[in-house]
Amino acid sequence: MKWVTCAALLGLMSVAQSAHADEKLTVYSYRQAFLVEPILKRFTEETGIGVNVVFAKDGIAERIAREGRLSPADLVLTSDFSRLVELVDKDLTSAVKSEKLNSNIPAQYRDPEGQWYALTMRVRNIYTAKDRLGPQAIRYEELADPKYKGKICTRSGKHPYNIALVASMIAHHGEADTKTWLQGVKTNLARKPQGNDRGQVQAVKEGLCDIAIGNSYYYGNMLQDPEQKSWAEAVVINFPNQTDRGAHVNVSGMVLTRHAPNKDNAIKLMEFLSGDVAQKAYAEVNMEYPVKTDVAPSTLVASWGEFKSDQLPIFKLAEYHQAAVKLLDEVQFDL
Amino acid sequence: MTCTLNLHQVHSDYQGQQVLKGLDLTLAQGEILALLGPSGCGKTTLLRAVAGLQAISQGEIQINGKTVSGAGQFVPSEQRGIGMIFQDYALFPHLTVAENILFGVAKLTAAQRKARLDDMLALVKLEGLAKRYPHELSGGQQQRVSIARALAYEPQLLLLDEPFSNIDAQVRHSMMAEIRSILKQRNVSAVFVTHSKDEAFVFADTLAIFNQGVIVQHGRAEDLYSAPNSRYVADFLGSGNYLPAEVLDGHSVATPIGELRSLTPLSQSHAFNGQVFLRPQQLALSADDTGVGTITERRFLGAFCHYWVKVEAASHAHYVEVRSQIMQLNVGQRVGLSTEPHSLVLFES
Amino acid sequence: MILGLARSWSLTGYAIAVLLVLPLFALLLQAAQPDEAVFGHLLSTVLPTYIANSLWLILWVSIGSLLLALPCAWLMARCEFIGRRYLQWALLLPLAMPAYIVAYVYTDLFDYAGPVQRSLRALFGWSSPQDYFFPDIRTLGGAACVLSLVLFPYIYLLARTAFMEQSLSLAHASRIMGCSPWQSFWRLSLPMARPALAVGVALVAMETAADFATVNYFAVPTLTTAVYDTWLGYGNLTAAAKLSAIILLVVFSLIGMERFARRKQQLFQKQSRIQASDLYRLSPVQTLLALGYCITLLVLAFVLPSGILLSYAIDYFEQSWDPIFWQLSVNSLSLALITSLVCCAVALILMFIRRVSPRSSDALPSRLASTGYALPGTVLAIGVLVPLTLLDFAINDIADWLRMTGPGLLLTGSTAALVFAFCVRFVAIAIGSVETSYKRISPSLDMVSLTLGQSPRRLLQRVHLPLLTKGLFAGALLVFIESMKELPAALLLRPIGFENLATHVFQFVSDEKLEHGALPAIVIVLVGLVPLIYLNRSLEQDSR
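Those protein sequence lines, which keep their order, are chains A, B and C.
Mapping of the first sequence onto full-length UniProt numbering: residues 1 to 335, in sequence order.
Mapping of the second sequence onto full-length UniProt numbering: residues 1 to 349, in sequence order.
Mapping of the third sequence onto full-length UniProt numbering: residues 1 to 544, in sequence order.
Check the hints yourself; a few may be wrong.
Said to hold, decoys possible - Residues of chain C clear of chain B, computed beta-carbon distances all greater than 10 Å: (1) G4; (2) K439; (3) S455; (4) R462; (5) P466; (6) S510.
Said to hold, decoys possible - Think about it this way: if two alpha-carbon atoms lie no more than 25 Å apart in a straight line, the pair counts; the simulated SDA-like pairs of lysine to any residue are: (7) K263/A / G246/A; (8) K90/A / L43/C; (9) K310/B / A287/B; (10) K197/B / K310/B; (11) K192/A / P115/C; (12) K21/B / K66/B; (13) K147/A / D131/C; (14) K158/A / G233/C; (15) K57/A / D131/C.
It is worth saying that the hints were derived from the structure and are not from the lab.
From the three backbone atoms N, C-alpha and C, an ideal C-beta is built for every residue, glycine too.
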């Protein structure tokens, strides 16, 4: 049995080595690695601090909670607001006090205590078929209008982007009306919710539906992808509710984890991400709206025009998150 | 004379059933003992108990005076110094003949190992087959390898579990004789399990007749054959006739076929009423129109004939099997019956 | 049997077994915790639908694969026609196809934008989905079809053997008594094959219950996807564990059914085999029908999907043939290799103990260890993470106490958790393989070895190990392939940032661009073909 024990020990030691990474930052990211990697590379070039970014579609909060004080994660990048709040709610974040962050990021895009900071903004747009509907001064409320029966495509209602949209509806109309609205939207769906935001635009292009719900930056990204360019060209991007409260916006953001092993370096990275270089990269690479006010969106994004955004404080979305999930389950939106 | 094996009141259970029920047995150095009994009587269990492959619940087993099972002691099989030969030869299929033979040989130099191998191959007459694999050998050759393997280990005691039952009838007897001479040559003590009395007669020095977990009789084959201590032993070693008998005096009994005399004094006293046991070849026939019997069946067997003779007695008829060199008697013929001179065997009715 | 076998052997066996059933107990323990009403919320809203979906899916896939498999099995077992020899093993090929890949390929074909509907629209001049009806593949029914196509070979294999083992004289007798071949099939062959069919259906049902990727892709919410969502979406492990317990209930009742059927199966088994001369010779028309059926099935379940996959791979070869592909392959292969080695070692030790131990209770560890196979990957992941996390913290606490730097997440932060989970799930395969090999080793070899002075350990080394090599190799191979294919456990347990072929392919499937992941997908399929070659060899031996 001796050799078995020896082998096991050797194995454990080698594993331990790899688990015990060298002194560089570890970033858990809900955002795809290819998106953030170029920006992080710039950070490493500037500061000499290595960054190890790992992407996960979901379950990061759950993982950090389980890993507890042993978690190697320093920073979490999220692609929407509800996940920032989830991390805060589960007490997985540390407050950051940084002059630089506070000056770069406007107050409505950061937590008063510094538990989270937004990095970019995106609009939940309504895309319409260019040849069948054309540009529409559409409102989210109208998605439940029977005239759109069988014409709407969306991804899963339980996706954070849609949950946030539903939460904003609850904030403006209350639960009961939102439920009726959701039921209306569900009846109008051309197909069961599926795929991602790009898939909905593709479906419009193919004629499966006339209306797709999707984030703003996907439009820009698709226009730059040779394969998907034709999809984007088949639709018009509309900023909803311009006649009343304005379009629903969501943010991507970052938090410093509670047990971050390299807090100081992590804050340096946070500051870097809120700075001009990174903000510009977000805008140019991913077609998002930078939160730093003096960084302009890309020319392509700017060409979509000015728009009015919903002034609902972003933390309200978090307040109604659970209620939104519950409603989506109740109307069996995805089933 | 030293005793290689000593069993004292051995009991053993197997799956909740008592298989061995108080067994006593001794084996002298160099002796070959046959354990003879029908299938399922516990012979193999006993063999395994001796080898340490089967637990005993009571009693004691000693090998060369050392307790190996019982009295709170247990010596594992691998430390008992026992060789075992199996019905299926149990050769290691992944090893060559040479590797098989040397399997249990440890702590020898290469030269010594080679010498041992050559010695064994010569002993079992398998020179030149050392590089072969078991599946390339005949059944008899495989059994020889297994014997060589056991002997190469220089066991204190050899146990053979029905070793000849898978060998062709034509070569079985010569094989037995050959192996017996090998064992005798090396003065190996051996216990040999079989259900065939013929094998036991050929191979063993002494016989132990086994029945339902106990040894019924133990002794030289000739003694057991001519003086069985029970009807079980008598029947197991060959067929025979039972006739009512009353002891007249120290040497003679009255039976339906007349008065019979024994060569040796009878142990039963005067007026003992029982049965006399007569093997077919201990009876003789003569054509006699006033004889006590009538032939009812005749079976020709080459060198002799078997006759069934009906003997009318006072109350009812007895049928007697007789083996006779006389060939010309026919069914329906009246015959006289007599016995060859021998020591009579009497049992209780 | 070794009477004096040291207790340490038994203890080793029990220690291994306890380790391997730990996830099951951890899961049940976790499920028993209070969970802040998440489970209650699910129960009052979507859970009934999830359960219904799971059960309907199991039912439809069982019926579907039974219907697909029965004709093939009968034709292959009882008839002779051109091409039968090739078809009888070709029909096993679909087993190598992960269901989610088939699902993707068919979605691509039959979706609104797919070539089928496009050409229909072009043909009839339809312009929008309102103009015509076309069944939606991303539904429960679609999932049932895809799973049936991939899983039917299990039933085919068992049914074929059952039909072959049936005594032909019974069939002759029934025909002499006036039954047509059709009647004798219904009244005789089918009832006699019922236990084997039940075993096959139970296997198919278990695979269906464990399926995650297909239903996830089709957005058909079932219990398995609910476990995933509840855990990662709601972040509620306890509610996920409660859902897992429901799955386990389903799976264990299926196992119960399988055991029951297996017991009955022995009743019908016959030694005599059907000879080549006993096969029905089909007429040309019948041959055409038989070939048509089998080939269509084969094309739908294997040829078409793999053809499309191949064309993807060729089109996107440049993008796929990169260092990442190699890294993924190395990850998958090394993971699978370590898993199969560990499984074989464990199987060898447990089965050795079971064989030689004089204590009847020592059969228990190998039995216990085999239960892991019943745990679907998603369920298993929860069961593995809970105890390993505790262990990780314990290790670090001890390190702290010793004033040493803790190793961090030694188990859950590395592939160790993954290897452990794979071992729990697949050790049963290795155990089964070793068990079969052990049956062929005469017990007298053990006795000889012992009486020749060899210790139990030397018996294992010098006799059993060399003789079990083949069985161990076969077991290792099967474990290797299963580990390459296993998806849900890999998704949930991998160290963050770790990808292997399966997770990578699945990522592409869920991003709707399998085209880019076709090369790794092909590797998975190709590796999956290896055991079929093995299986084929044993089939050939059967028919001889």
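Evaluation of the provided hints:
1. The Cβ of G4/C sits about 4 Å from the closest Cβ of chain B, inside the 10 Å cut-off, so the non-interface label is violated.
2. Its beta-carbon lying about 15 Å from the closest one in chain B, K439/C satisfies the requirement of being farther than 10 Å from that chain.
3. Some Cβ of chain B comes within 10 Å of the Cβ of S455/C; the nearest lies about 6 Å off, and the non-interface call is violated.
4. With a least beta-carbon separation of about 8 Å from chain B, R462/C fails to lie farther than 10 Å from that chain, contradicting its non-interface assignment.
5. At the 10 Å boundary, the C-beta of P466/C falls inside the reach of chain B, the nearest C-beta of that chain being 4 Å off.
6. The non-interface label for S510/C is consistent with chain B: the shortest C-beta to C-beta separation is roughly 49 Å, beyond 10 Å.
7. Between K263/A and G246/A the CA atoms are separated by roughly 38 Å; this puts the pair beyond 25 Å, and the hint is violated.
8. Proximity of K90/A to L43/C is assessed by CA-CA distance (about 24 Å); at most 25 Å being required, the pair is judged to hold.
9. Taking the CA atoms of K310/B and A287/B, the gap is near 14 Å; set against the 25 Å cutoff, the hint holds.
10. Restraint check for K197/B and K310/B: the C-alpha separation of about 29 Å exceeds 25 Å, so the hint is violated.
11. Between K192/A and P115/C the alpha-carbon distance is near 21 Å, which keeps this suggested pair within the 25 Å criterion.
12. For the hint linking K21/B to K66/B, the alpha-carbon distance of about 22 Å falls within 25 Å, and the restraint holds.
13. At most 25 Å may separate the alpha-carbon atoms for a hinted pair to count; K147/A and D131/C meet this at roughly 17 Å.
14. Distance restraint check for K158/A and G233/C: the Cα-Cα separation of roughly 9 Å lies within the 25 Å cut-off, and the hinted pair is therefore satisfied.
15. Distance hint between K57/A and D131/C is unfulfilled; the C-alpha atoms sit about 37 Å from each other, more than 25 Å.
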